[in-house]
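Asks: These protein sequence lines are chains A and B, in that order. Be aware that the first sequence starts at 0, since it is given in numbering that gives the first Met the number 0, and climbs by one per residue. Be aware that the second sequence starts at 0, since it is given in numbering that gives the first Met the number 0, and climbs by one per residue.
Please keep in mind that the hints were generated in silico from the structure rather than gathered at the bench. Take these hints with a grain of salt, some might be off.
[Unchecked claim] Facing chain B, from chain A, some residues (calculated, C-beta under 7 angstroms): (1) Asn52; (2) Ile71; (3) Ile96; (4) Arg97; (5) Ala130; (6) Gly132; (7) Met135; (8) Asp136; (9) Ala139; (10) Gln170.
We put the CB at the ideal spot given by N, CA and C, even for glycine.
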Amino acid sequence: MTGKTSGWSRDEMAQRAALDIPDGAYVNLGIGIPEQVAKFVPADREVIYHSENGLLGMGPAPAAGHEDPDLINAGKKQVTAIPGAAFFHHADSFVMIRGHHIDICVLGTMQVAENGDLANWSTGAPDAIPAVGGAMDLVAGVETIYVITQHCTRTGEPKLVDACSYPLTGQGVVNRIYTDLAVIDVTAEGFEVVELAPGISFDYVQEHTGARLIRCN
Amino acid sequence: MIDKQNASPAAAVADIFDGATVMVGGFGEAGSPIELIHALIDQGAGNLTVINNNTGSGHVGLAALIENKQVGKMICSFPRTANSTVFPDLYRAGEIELELVPQGTLAERIRAGGAGIPAFYTATTVGTPLAEGKETRCFDGRDYVMEVGLKADFALIKCSKADRYGNLVYSKTARNFSPVMATAAAITIAQAGAVVEAGALDPEVIITPGIFVDRLVEIFDPEQESRLVAAGRSYP
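With the sequences and hints as input, model every part of the structure.
Replies: This is the structure we're talking about:
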């Protein structure tokens, strides 16, 4: 990406997203950069993290010697449970999701379209082993969907596009996107840039986006 | 007198038949009833339809059952695992069928099956390839996809403790699918870290009431899948 002078690191993207998680929220964090959001939620806010395999009140990774193979997150990594945590079975866990009880879900993505369509489970390649996990349940059931992603793929293709070419995870589900270049809202009129990363211009973001961007007033 | 205990995993799985549908508890290794699965490998029933969230790891447990060519079809949400090529290799070779189901829909289909509910509607998958060919219906202005309940001939699950009536309690996130699977199978077989006297479990904390459990096997110190995989073990 020539001409890029600055932008946000992965941690800074997670940190920026964390500012939008309000006190008292029940939040589900996807695998990858979204998992990092928990580290950056301001200390004066109490946030409860849901892991769809059956844990409300997920804490950080265990200290060495305190790992428990029965206590894992949705990415199958060993985690801890905070004081006040609850365990439950899978049907109850997805009642929390499908029944709109989880407030915010933060996910990674392959593509987001300007109408909020999300594609993050399959490239549709014929030799790929299809795997969906809980992504479709989350985007269908959680009111507010945030996406954290690099603005472009490793080969420089835009991930924010006018229409997804990959199979959809959900239609019109994304509310806000945090990239290394900008914070962008999905509005009825399309992608609206609400914040630019340090040293990044609107025109630069537009050049790296596969859809028309709207300037925020 | 009711005593659901079986002397061994082999005795508990002896009547699983060729072509049976078998639910297997566990999410990754957490809650995987590895001793019961290994007994099913020894027993040899084939052409099974297996319902689990994943397809196992390494060459033990569920991955070994698949590798042993006993599974004709997997119903799961996430068949890829970083440390197993067993399912992907067979799938690419066209030797195993896959029904891909979103994780929450999978849990609810099992719950519905156990609750005597033949089908339900969910917004999950609307507008995606996984909704193709399914009936959709609009309620209050939103589209929903019809999904059918799932039942099984057998469920193999793992719990931390059971009493002789089959009341079960679990360990942390190892609970996952097991309580709903226990309700949806004609014969539910649970391996328990301990089987205690009736009355020894507090009725307020029982997760699976014994009516849903048919057979128990006590496995005091079960194998842990990740340890077996790290040690390079395979089964048989």
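Asks: Run every hint past the structure and note whether it holds.
Replies: Comparing the hints with the structure gives:
At a threshold of 7 angstroms, the smallest CB-CB gap from Asn52 of chain A to chain B is about 5 angstroms, leaving the interface hint in force. The closest approach between the C-beta of Ile71 of chain A and any C-beta of chain B is roughly 5 angstroms, which is under the 7 angstroms cut-off, so the hint is satisfied. Residue-level restraint check for Ile96 of chain A holds (minimum Cβ-Cβ distance to chain B is 6 angstroms; threshold 7 angstroms). Interface hint status for Arg97 of chain A: upheld, as the beta-carbon distance to the closest one in chain B is roughly 6 angstroms, under 7 angstroms.
This hint holds: Ala130 of chain A has a C-beta 5 angstroms from the nearest C-beta of chain B, less than the 7 angstroms allowed. Taking 7 angstroms as the C-beta contact cut-off toward chain B, the hint placing Gly132 of chain A at the interface holds, the least distance being around 5 angstroms. Interface restraint check for Met135 of chain A: the shortest CB-CB distance to chain B comes to about 4 angstroms, inside 7 angstroms, so the restraint holds. With its C-beta approaching chain B no nearer than about 3 angstroms, Asp136 of chain A sits inside the 7 angstroms limit, and its interface hint holds.
This hint holds: Ala139 of chain A has a C-beta 4 angstroms from the nearest C-beta of chain B, less than the 7 angstroms allowed. For Gln170 of chain A, the interface hint holds, the least distance from its beta-carbon to any beta-carbon of chain B being 4 angstroms, beneath 7 angstroms.
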